[in-house]
Each structure stands twice: as C-alpha cells, then as structure tokens.
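Peer 1: Generate coordinates for the entire structure from the input sequences, incorporating the hints supplied.
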Amino acid sequence: MSVIKLQDVSKLYGFGDATTVALEDVELEIEKGEFVAIMGPSGSGKSTLLNIIGLLDRPTAGLYQLDGRSVEKLRPNARAKARRDKIGFVFQSFSLLPKLKVIDNVALPLAYKGRLLGRRLKMAHNMLERVGLADRAFYLPSQLSGGQVQRVAIARALINDPSIIIADEPTGNLDSSSSRLVMELLKEIHEMGNTVLMVTHNPELTRYASRVLYMYDGSIERDIQKRIGNIARKPKEPEFFAPDGSEEDTLQSVAATMTLSEEKEAAKKTKPKKQRKTKRTPKKRVKK
Amino acid sequence: MLFDNFNMALSSIRSSRLRSFLTLLGVIIGVVSVITSVSLGEGVKRQISDETNKFGSDVLTVRPGKALNKDQKGLVVGINVFGQASTTAALTESDLGVAEKTNNVEVIAPLNLVTGLPKYNDRSFNDAVIIGTSTGFPKILSQDIEFGRFFDSTESEKKVAVIGAGVAEQLFGENVPLSKSFNLRGHEFIVYGVFERFKNASISQGIDFNNAIFIPYSTAKSISGGTAQFYELLVKADSPNNIDKVSADLEKRIANNRAGQEDFTILRANDTQTLTSTVIDLITLMVGGIAIISMLVGGIGIMNIMLVSVTERTREIGLRKAIGATNGQIMSQFLIEATVLSIWGAGIGVIISGLLNLGIRIFTNLQPVIQWEVVVFACGVSIIIGIIFGLAPAVKAARKDPIDALRSGL
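Chains A and B, in that order, give the protein sequences.
Position 92 of the first sequence, counting from 1, maps to 92 under my numbering, and the rest follow consecutively.
Position 94 of the second sequence, counting from 1, maps to 94 under my numbering, and the rest follow consecutively.
Hint data in this document are derived by calculation from the structure and do not stem from the laboratory.
Treat the hints with caution; some may be incorrect.
To be clear about the criterion: a stretch of chain B counts as covered by chain A if any three or more of its residues have a C-beta under 8 Å from a C-beta of chain A, and this derived list gives those stretches [to be verified]:
| hint | stretch |
| --- | --- |
| 1 | 6 to 18 |
| 2 | 239 to 250 |
| 3 | 327 to 337 |
| 4 | 395 to 407 |
Predicted, not measured: the structure shown is a model, and the values here were computed from it.
All residues carry an ideal CB built from backbone N, CA and C; glycine is no exception.
Peer 2: Following this line, the structure appears as structure tokens:
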C-alpha cells in the first residue's frame with residue numbers, strides 16, 4: 001500500500017482575474033521506503049506540493065490519501081494531530097526553537113502528544129544518540145553549527161516514528177561538508193526503512209534518492225526511478241523548449257499573442273501554463 | 001504540557017526583561033495603589049477606633065455644632081462634615097454646670113483651648129497646645145502621670161500646669177522639669193507633673209496630647225479674658241450600662257440650658273468612629289476605584305506586548321504548528337504567558353506594597369494595615385485582567401495559518 005496517494009490534486013490561489021494555478025492535476029503515489037527527490041525551478045509548485053503532502057495546506061480539488069486514509073477534508077485540529085503523528089518536517093532554516101534546549105526541541109512533538117516529561121526526555125535522548133548528537137543535548141540551538149541544527153531537526157522529525165519525512169531543502173544553507181553529513185544521515189534513516197521526500201535545487205543530491213520528480217509549472221513533468229548512488233541525468237529540455245517550426249511560425253505566434261481573442265484570454269486565465277509556452281518560444285528564437 | 005507552557009512563558013519573559021518589566025509596570029502600580037490605599041484607610045480607621053476606645057465605652061463627648069443626623073433609633077443616618085466649622089456657639093460654663101448635675105455622671109472634663117506661646121528662659125515651643133481642663137481629665141483618658149501629679153480641685157485657680165512628654169523635651173530640654181516655671185501670656189506657671197507618653201497620636205481631634213500643656217480651666221479663663229469656651233466636654237458615666245440614660249438626660253439638660261436649641265452633638269465612642277470611618281471608607285473606595293482603573297491600563301499594556309510578541313514569533317508559531325501543535329495548544333501557550341506576566345506583576349506589586357507599608361509605618365505616624373482579603377482581591381483582579389486581555393493575542397496566535405507563518409521571514 002502506498003504511503004501517499006494524490007489523485008488529480010490541484011491548488012489555485014486567488015480568484016477571478018487574479019487566479020494562479022500552483023498545482024494542476026497532480027497524480028502521485030509514493031510507496032513506503034522510497035527516497036523521493038523533487039527538483040524544479042522556483043515557482044514550479046514544489047513547495048505547494050510539499051505543503052499539501054505535509055498537511056499544512058489543503059488542495060483546492062483532488063483526493064489525498066495518507067496511509068490509506070483520506071485526509072483532504074480533515075479539520076485543522078485533526079490535521080495538526082496527523083502532522084504530529086505521521087509527518088516529520090525538516091526545514092531549510094529556523095528548524096529549531098531558539099529558546100529551547102536541543103533535547104527539548106527534539107521532545108516537543110511528544111509534548112504536544114501529551115507524553116510525560118520523563119519518557120519524553122528519554123526518547124529524545126535516544127533519538128539524539130541515533131543522530132550522533134547526544135553530547136549536545138543541553139546546548140541551545142545557537143550554540144550548534146548549521147549542520148548540527150539540521151541533524152537535530154531530523155531527530156525531531158523522527159521522534160514520533162512518522163510515515164514520511166518531508167525535508168524542504170535541508171542542506172540549502174549548509175557548506176558542502178556539513179551538507180554531506182546531513183545527507184548521509186538522511187540516507188541512513190532511509191536505509192532503516194523510512195520514507196523520505198526531499199526538495200532540492202542541487203542535482204548532486206539526487207545521488208541519495210531512489211526516485212526523482214521534476215516539476216514545472218505546477219505539474220510533474222518527469223518521474224524517474226533510479227538506482228541509489230547515481231546522479232540523475234539532467235532531464236532533456238522539455239519538448240516545448242526545443243526550437244520547432246520555421247521563423248514564420250514564430251512570427252505568427254507573436255502576432256497571435258498580440259491579437260489574442262477574448263476566448264483565448266479566458267482560456268489563458270485558467271491555464272497560464274500555455275500562456276508561458278507561447279511567450280517563451282519567441283524569446284528562445286531571438287537569442288539564436 | 002501545561003507545565004511546559006509555564007516554563008516556556010517564564011523563559012520568554014526572561015529573555016526580554018526590560019520589555020516585560022515595562023509591561024508589568026501598569027499592573028504593579030495598580031496592585032500597589034489598591035493595596036496601599038485600602039490599607040491606609042483601614043489603618044487610619046483602626047487608629048481612630050483605638051483612640052476612641054481609649055476613652056472607653058462609658059465616655060460621652062459633647063461638642064458644639066450639629067455633626068450627626070440620627071434617626072429615632074439613634075442610628076447615624078447623616079454626617080455633617082463641616083458642621084463644626086459653621087457654628088460659633090461654643091459650649092459655655094453654664095453648659096458644664098448643668099452637665100455636672102446630670103445623674104449617673106462620674107466625672108466631667110471640659111477642654112478649653114487657649115492661645116499663647118509658652119516660654120522657658122529664652123526658649124519657646126511653637127507647637128504647644130494649651131488646654132484648660134478639670135481634675136477629672138486623667139481619669140477619663142485612663143492616662144497615668146509619669147512624674148509628679150495632676151492638679152487637684154483646690155488648685156483650680158492657681159497657675160499650675162501638667163505637661164505632655166513632648167513639651168518636656170522641646171521646651172525644657174529635659175524629661176523631668178518638675179517645679180520649673182515657664183511663662184505664658186505674661187503669667188508664670190509651675191509644672192506639677194508630666195504625662196506618660198500618649199501612645200496614639202491623636203488624629204480625630206487634630207491635637208497631639210504629647211505636645212499639650214494642661215492648666216485648670218478657671219485659670220485658663222482668667223488669663224484669656226474672662227470667658228471659658230469649651231470645644232469639647234468629656235463625660236464619663238458611672239457605668240457603661242447607664243450610657244444611654246446619661247446621653248438622653250445630658251441632651252435634654254443642655255438643650256434646656258441653651259434655650260431649646262440643639263446646636264450641639266453628643267457622641268458616643270462608636271459614634272465618633274462611625275463619623276470618621278464612614279468618611280474614610282468613602283475616600284478609600286474612591287482611591288481604590290481609581291487604582292483599579294490603573295490595573296485596567298496595565299491589562300491593556302499586557303495585551304499590547306502580547307500582540308507584539310505574537311507577531312514577532314510568527315515563525316515560531318508556524319514551526320510549532322508544523323510539528324503538530326493544535327490551535328488550542330498554541331492558544332494556551334500564549335494565554336499562559338499573559339497570565340504568568342500578570343502573576344509576576346501582582347507578586348511584585350504585593351512585595352512593593354509591603355515595603356511601602358513598612359516605610360509609612362517608620363516615617364509617619366500612620367499605621368496602615370494590609371488585610372489579606374485586599375491582597376487576594378488585588379491579585380485576583382490583576383490576574384483576571386491579564387487573562388482577559390491575553391485572550392485576544394492568544395486567539396490571534398492560534399488562528400495563524402501555518403504556511404504563512406512558516407514563510408514569514410522572522
């Protein structure tokens with residue numbers, strides 16, 4: 001059974017003339033034990049997808065099953081509880097509460113679950129041992145390095161034994177050596193059987209993933225299964241990037257954008273993806 | 001979780017000490033002023049009641065002017081605070097004469113104020129009050145003479161004096177100036193005795209007996225031009241049981257003597273108390289009411305700072321929500337923080353009012369009394385205000401959208 005199953009999930013922001021489509025009819029299934037990396041330019045809908053999978057946001061349309069349970073209609077408190085129990089978050093920055101000690105940060109999800117203090121601290125300590133930071137348990141986050149902070153964040157994400165760990169550019173602010181340590185840790189927890197979903201801009205990091213998704217304009221353009229250890233090849237330019245047709249076609253399309261009929265205007269609003277295509281084509285041409 | 005929130009609140013208050021303190025100032029001032037004003041009022045009331053009790057429950061005070069309105073049952077229904085100022089008809093010697101003839105009266109002491117500056121060698125004592133009275137005075141006050149003796153009835157025309165301890169020190173510069181003489185309005189007076197120090201400085205009469213020189217009222221009359229005008233008659237009944245009878249009899253006789261005009265007041269010990277305590281209660285209530293307003297202002301201060309805090313910690317709220325905090329948990333966190341702030345304020349306020357109380361006791365002759373009911377009330381009100389004004393920021397925090405909160409750059 002898949003951990004995550006999205007069916008025709010769309011997300012729209014704004015309404016009327018200002019409507020923007022952040023996700024468009026996304027279909028996605030993630031099986032238990034997968035390490036999925038999501039890549040794509042900014043504005044391609046990665047974060048929106050992550051927020052919806054992470055139950056921070058609701059899809060405008062579509063179905064979402066987490067652990068076989070339909071969750072798109074849950075009330076805010078039920079979603080908070082589902083986040084607490086089934087999802088572990090690792091953010092790019094400000095992953096820890098600066099005023100709490102490391103161990104309290106790790107134990108926080110347990111506190112929200114209502115576990116007793118003694119048990120909480122014991123579990124948090126075990127988890128810190130697992131990420132190799134048990135000796136820093138009583139430090140404040142400000143006394144740790146960036147890499148250590150992210151490892152503590154991973155420990156916190158793991159503490160409730162979640163169905164999936166969502167990491168949003170976990171190494172975005174780190175130098176290469178601490179970045180490596182954090183990725184090795186993620187790899188390790190993946191090997192222990194955890195499901196990991198990671199957003200990254202760095203193609204190097206796809207080395208750790210078993211599956212890579214490329215997103216573009218709110219859709220998943222490519223979905224590649226790969227062997228762990230290999231860097232995913234840079235995807236071919238999507239077809240609409242490649243030069244097509246003759247110069248006359250281009251001129252025609254330029255003319256077309258200038259004399260767009262009202263119907264096309266309306267069509268464009270619901271599908272801005274196409275609008276972008278037509279705009280980009282002539283640009284490419286001009287460069288050449 | 002509650003305990004964690006509590007700790008969290010403490011640490012977040014500690015991390016911005018100055019701001020928290022400034023926030024608390026409103027609450028602190030509110031608590032201090034409520035406690036202090038009420039305890040001052042209560043203290044003054046008790047001091048006055050001690051003083052009237054000193055006269056004893058069998059002593060009546062007759063004063064010129066109508067000070068109290070009573071109903072048929074003798075209960076005080078109205079007070080004329082300025083009554084004594086508006087009347088000029090002081091009590092006279094003939095009033096004293098009829099009062100002395102009243103049945104069941106054990107002893108009477110008139111009090112007659114004489115102006116004049118006592119001089120001893122080349123020293124003088126500006127604060128001295130000269131009171132003409134009779135031999136019964138120490139008995140009515142139950143006050144002992146420490147050195148020497150009070151003048152007796154055979155000396156009522158003589159120029160003799162009994163002085164308070166304050167006069168002995170200030171005018172003579174010694175504790176036992178017995179048989180020394182001083183000059184008053186060109187007459188030489190001989191000191192016969194010194195009173196033991198009066199414990200309570202007199203507030204109700206406006207006279208400190210420790211700074212008083214007591215002379216026979218006949219002598220006082222003769223040195224001040226022939227008429228004796230008493231500002232007060234102290235009448236002691238032979239038994240506390242007869243006090244009603246004596247009061248009624250006295251009233252009838254003096255009224256008769258004054259041609260039926262009732263421009264005088266007969267006060268019992270508890271009447272004087274009622275008179276003053278009603279006024280003091282009113283003032284206390286008013287000051288206390290104003291103090292509660294300052295608590296309210298303190299509450300608004302808490303709300304203000306909590307709203308700032310919620311905005312500042314948007315990112316924290318987002319993170320907490322992402323890792324599974326429900327709206328209720330976020331709300332209780334901020335509500336507890338506001339409550340902890342106001343508890344701190346109340347605590348500091350109580351400590352400061354305790355110190356202030358001590359200071360007042362040391363540096364003035366007032367003795368404020370802090371009642372625990374007032375402390376509980378002041379703390380309770382300030383904490384309730386903290387919770388009420390903490391509610392809006394807490395709700396605001398709880399309603400924050402986790403995505404927006406996480407995205408905020410703070």
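Peer 1: Verify the coverage statement for the stretch 6 to 18 of chain B against chain A, using a C-beta to C-beta distance below 8 Å and requiring 3 or more qualifying residues.
Peer 2: holds (count 4)
Peer 1: Quick check: do three or more residues in the stretch 239 to 250 of chain B have a beta carbon closer than 8 Å to a beta carbon of chain A?
Peer 2: As far as the stretch 239 to 250 of chain B goes, the hint is violated, because 0 residues have Cβ atoms under 8 Å from chain A.
Peer 1: Taking beta carbons only, do three or more residues of the stretch 395 to 407 of chain B come closer than 8 Å to chain A?
Peer 2: holds (count 3)
Peer 1: Okay, the stretch 327 to 337 of chain B and chain A, do three or more residues pass the C-beta test at under 8 Å?
Peer 2: holds (count 3)
Of the numbered hints listed earlier, the single one contradicted by the structure is hint 2.
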